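Student: If you want the building blocks of each chain, they are given just below.
2 protein chains.
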Amino acid sequence: MRKINTRSFVRATRSTPREINRQILLNLVREHQPISRADLARRMRVGRGMVTSLVSELIADGSVYEGTTVDAPRGRRPMMLHVRTHDRLVIGIDVRFSRTYLMLSDFSGTPIAMETFDTIVDPAGLVAELRRRIPRLLKTYKAVGKCNGIGLVVPGMVDRRTGRVLNAPQLGWRDVDVRDQLAAATGFDVQIENAPIACALAQMWLGQRGGDAPRDFVYVTVSDGVGAGLVVNGEVVRGHNSTAGEFGHVPIDPHGPTCLCGSRGCLEAYTSNLATLSRYLGHEFSPAETRELLNESRISITDVIARARSGEARASAALHETARHLGVGLAVIINTLNPAQIFVGGEITEAWDQLSPAIHDIINARALTSTAAATPLIPDPASSYPRLRGATALIAAREFAAPQVA
Amino acid sequence: MRKINTRSFVRATRSTPREINRQILLNLVREHQPISRADLARRMRVGRGMVTSLVSELIADGSVYEGTTVDAPRGRRPMMLHVRTHDRLVIGIDVRFSRTYLMLSDFSGTPIAMETFDTIVDPAGLVAELRRRIPRLLKTYKAVGKCNGIGLVVPGMVDRRTGRVLNAPQLGWRDVDVRDQLAAATGFDVQIENAPIACALAQMWLGQRGGDAPRDFVYVTVSDGVGAGLVVNGEVVRGHNSTAGEFGHVPIDPHGPTCLCGSRGCLEAYTSNLATLSRYLGHEFSPAETRELLNESRISITDVIARARSGEARASAALHETARHLGVGLAVIINTLNPAQIFVGGEITEAWDQLSPAIHDIINARALTSTAAATPLIPDPASSYPRLRGATALIAAREFAAPQVA
DNA sequence: CGATTTTGTTCGTAATTTGAACAAATCCGG
DNA sequence: CCGGATTTGTTCAAATTACGAACAAAATCG
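Note that the protein sequences, when read in sequence, are chains Z and A.
Number 22 in the working numbering belongs to position 22 of the first sequence; there are no gaps in the numbering.
Number 1124 in the working numbering belongs to position 124 of the second sequence; there are no gaps in the numbering.
Just so you know, the hints here were simulated from the structure itself, not pulled from any lab data.
Model, not experiment: these values are computed from the prediction.
Certain hints may be false.
[What the hints assert, rightly or not] Example chain Z residues on the side facing chain A (calculated, C-beta under 10 Å, incomplete): (1) I20; (2) P73; (3) R76; (4) M80; (5) H82; (6) D216; (7) S263; (8) V328; (9) Q341.
Where a beta carbon is used, it is the ideal one built from N, C-alpha and C, also for glycine.
Full structure from sequences and hints, please.
Tutor: Given below as structure tokens:
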């Protein structure tokens, strides 16, 4: 029972049915390719005539192409259709605290090239550097006319409509309009998004199981901070002021360590990489001190995971405590949003086989129903570059999104 | 960028544009009545011809009626249109732990009659009692042919599609199909929903400010349990297994009192009416003991509020601690979902003027942005019967909901 | 080779928006 | 009291689209 937004609605015109059906058709091709026109007609329960008409439109504008005919047990051999992805490219950019990643990939998320450089925290400087690198990257890979846009992923809150970064503490950005600056500098269409939401979008649009992908899920990122991208009813949740998804500051213990946000005992103060590291080093978590300690000891979360894997008890214990607290946080998500599944991204996924039992124990104890306790947790390894895939999805998904109606 | 559900989608037919525009028009009349055809045409940015055609359809099926013409500075006087509500009735039923409430009201939520009886926990017995009472109620108020359906609100998890009550601990119901039983017994269309979600639906469809009503908000109920109805993007969040909204079990303190759910220090164990009562009585909260204590002392949360209002320090202190913990819980909702506003329902709204400052203090301390900290909290007094209004909305809203497309 | 089956196309029909012309109702100035 | 001006509401032809049936194309089978 969705309510119609009578402030800003889209009325149906003569061509609305066609737009809707065209979009349904395109999505069916995307999720079932290769597929024939006759198959599409059966799935949509429309006549083959309409499919012919819609497909010729999609072929004309380059969204879909005809492959080969294939064998059939009887009758005329069907002509298979595919979504055109391999020569429609996107530049994905992932701006992180220390380094910035640049990836050229096609609409399906398949990577073509990647480069990386030290993050320039000054927005104008970053845009200038990207303005140098992007044309060079496109030239090197003979992709000059094929780029459909730039997806920019940022560690912080983003207003998707205005394109402004509201607050990115790791970069020290507040109310920065890097999207329009980059668009003006490069001439490309630029879309910007917060990192956990981008990761969720990548799962939604470029995930393994195309059609099976759930319409209600959560992507939890555990790195310097802890955040989440929420998907409800096939759509990302941004909230009223684009600040939804901050699960890092769910309270765990009012007497716990002080968090960056000023409260005590936030989930993030227990499970962020910094928190795990400081626990391993035997110190109470405290933002300022821990950063210093980290710089001195020159140890990273990956090292702790490696040491745990090689049998070091202290490393293993530090990680297991992180796992237990993460379990509490995930249980909150499960009880409040009841997602079909939860993806977990971040460095700690490398230790998933070790941490998973502890996490599930906590969830089993805290989930309110047995079905909720069985919510699948799916680690998303850093090796698949989830944020860069998310950046790609920002551009690629627009072509497949449902038309806005009513 | 909503994703099309390719498992179950609705393709656009020849009549889809008309359905969409018809529904937009009906909602515009609902939110701006009285309104003329010419005004509607301007708002929808369509020709007046189309409005004439759509309105005559809506009048023919009784959704809309013509009122009177009104004065105009120049030109022909416009004929005002209204949504027909006063002779389209709904029976709302609110099943609570001790008593069940029955209300006859019209489509706008205006109450016509109400009765109440001791809750019969046996589902078959309850249905039998309702089967006796409903025809009598309709007869008494000369509403026999005018009832459009029955809305049933239950304190527990409900699968809206199958109509089964999955788990209602207060009633001891597990997997009960009371909806179909009641439909068979009465011959009416019956819709069933969980209480906090129903309260959210009431705000969405029957709220004060018709069009201003936000599309992202949360309705938090504080009574025997603590739950929430979530609305995201103009649609209610039910989750993958219809168990979303259980905010009562976010952790507050791992060393806190034991909760009914088995964990320790849940929000509910600090802020439910039972928790507040046991705090007032000077006892550690513990489900079993507290219930006994409550029966012995014969005191209710309303009494505690009255005593606080008359200046009793102990009552005031007990309520203020509840307020502080509730603030923590609301901050979790604000940080994770960033709603435009939060409604709070339950007995403690009677003490809102006393509790509000404490709640806001906590939220100001814990909200991650200043805009989030300013999220309006709106008490919804029990005197407006939010759950019964929700029951009404279950039936009335279907007429106005956006058509399912793509 | 003809019958059968399946795929893909074409085309007339029905439903709908769209926009313009038209009728209705009111005010205002002479 | 009448004719223009103005606004509301209706009617109707044109354009766009889904729909469904007929048809052509391409393959298999006996």
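Student: Taking the numbered hints from earlier one at a time, note which ones the structure violates and give those numbers from smallest to largest.
Tutor: 2, 3, 4, 5
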